[in-house]
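Undergrad: Okay, here's what each chain looks like letter by letter:
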Amino acid sequence: MEEFLLNLTRGNVSEVKIVLATVVALLAVYQVGLMAVGYGKVRLPFLKPRPASKAHRAIGDSIVAVTLVVAIMCIGYFGFEDDAAIHVLLACALIAVLGFKILVVRRLHRLGHFLPALGITVFMLFWATWLSAVKRLF
Amino acid sequence: MKEDGAKEGGTGLQLIGSLAAAALIVILAVWAVTAKLGPNGIAGREAAEERAEQSEEAREEEAEEAEEAREESGRNRRRRGRN
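First to last, the protein sequences are chains U and A. With my numbering as the guide, the letters of the first sequence map in order to residues 1 to 138. With my numbering as the guide, the letters of the second sequence map in order to residues 139 to 221.
Keep in mind that the hints were calculated from the coordinates and are not lab data. Please read these numbers as outputs of a predicted model, since none were measured by experiment. Cβ atoms here follow ideal geometry from the backbone N, Cα and C, with glycine treated the same way. Misleading hints may appear alongside valid ones.
Said to hold, decoys possible - Pairwise CB distance ranges (calculated):
| id | chain 1 | residue 1 | chain 2 | residue 2 | range |
| --- | --- | --- | --- | --- | --- |
| 1 | A | Leu157 | U | Arg43 | 53 to 61 Å |
| 2 | U | Met124 | A | Glu205 | 54 to 62 Å |
| 3 | A | Gly148 | U | Met1 | 42 to 50 Å |
| 4 | A | Thr172 | U | Arg57 | 54 to 62 Å |
| 5 | U | Asp82 | A | Arg213 | 36 to 44 Å |
| 6 | U | Val134 | A | Ala161 | 21 to 29 Å |
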């Protein structure tokens, strides 16, 4: 796995991971904005709630895909290092909450009223995980 | 009917616009992060640090050797003086 990741990124595993994680973290901010429009909390003349919600779903699917790639890169290359315990914990919590949110969106509709809270939790976990990774690297 | 079509067209356009904005965020993020990492990235920086460490070690070794050589020549001079 380590060899595969090194070949795939031409030896730049950390750099590629940082770029992807930063893209995801910034998109998470955008997602919060889109859903604020989607729920009617913010009204914009050029964006109605329905397209905002649709865009949120489409971008969310992409974010999940990229997040999984980052997670696989992180575990495959760095493993579960002792000095990164906080980062590992935050990342595991993120994956768990994100998975639960997707489940609520797609299957457990009766728990739909928890979606804003789940969304905010996912957003905060994305940033906390990103910060814990960046702090270790710089 | 016509109004519905126009409404749907507007919605589609707004959706495309939102996705385009997301793409722009991706581009800006990649540009900003790669600008911060620089052309060599972390691997390059680590290699540079390693090179600096090696040259520092080499300098220390040279200094030690020079010191030993000085001590050796001092001993030889003293020996020759005694003889």
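Undergrad: Next, verify each hint and record whether it holds.
TA: Tested hints:
1. A:Leu157 to U:Arg43: 53 to 61 Å: With a Cβ separation near 21 Å, A:Leu157 and U:Arg43 fall outside 53 to 61 Å, so the hint is violated.
2. U:Met124 to A:Glu205: 54 to 62 Å: About 58 Å separates the Cβ atoms of U:Met124 and A:Glu205, which means 54 to 62 Å holds.
3. A:Gly148 to U:Met1: 42 to 50 Å: For A:Gly148 and U:Met1 the Cβ distance comes to about 47 Å; the hint holds.
4. A:Thr172 to U:Arg57: 54 to 62 Å: violated (29 Å)
5. U:Asp82 to A:Arg213: 36 to 44 Å: Given range 36 to 44 Å: violated, Cβ gap about 51 Å.
6. U:Val134 to A:Ala161: 21 to 29 Å: Cβ of U:Val134 to Cβ of A:Ala161: about 23 Å, so the range 21 to 29 Å holds.
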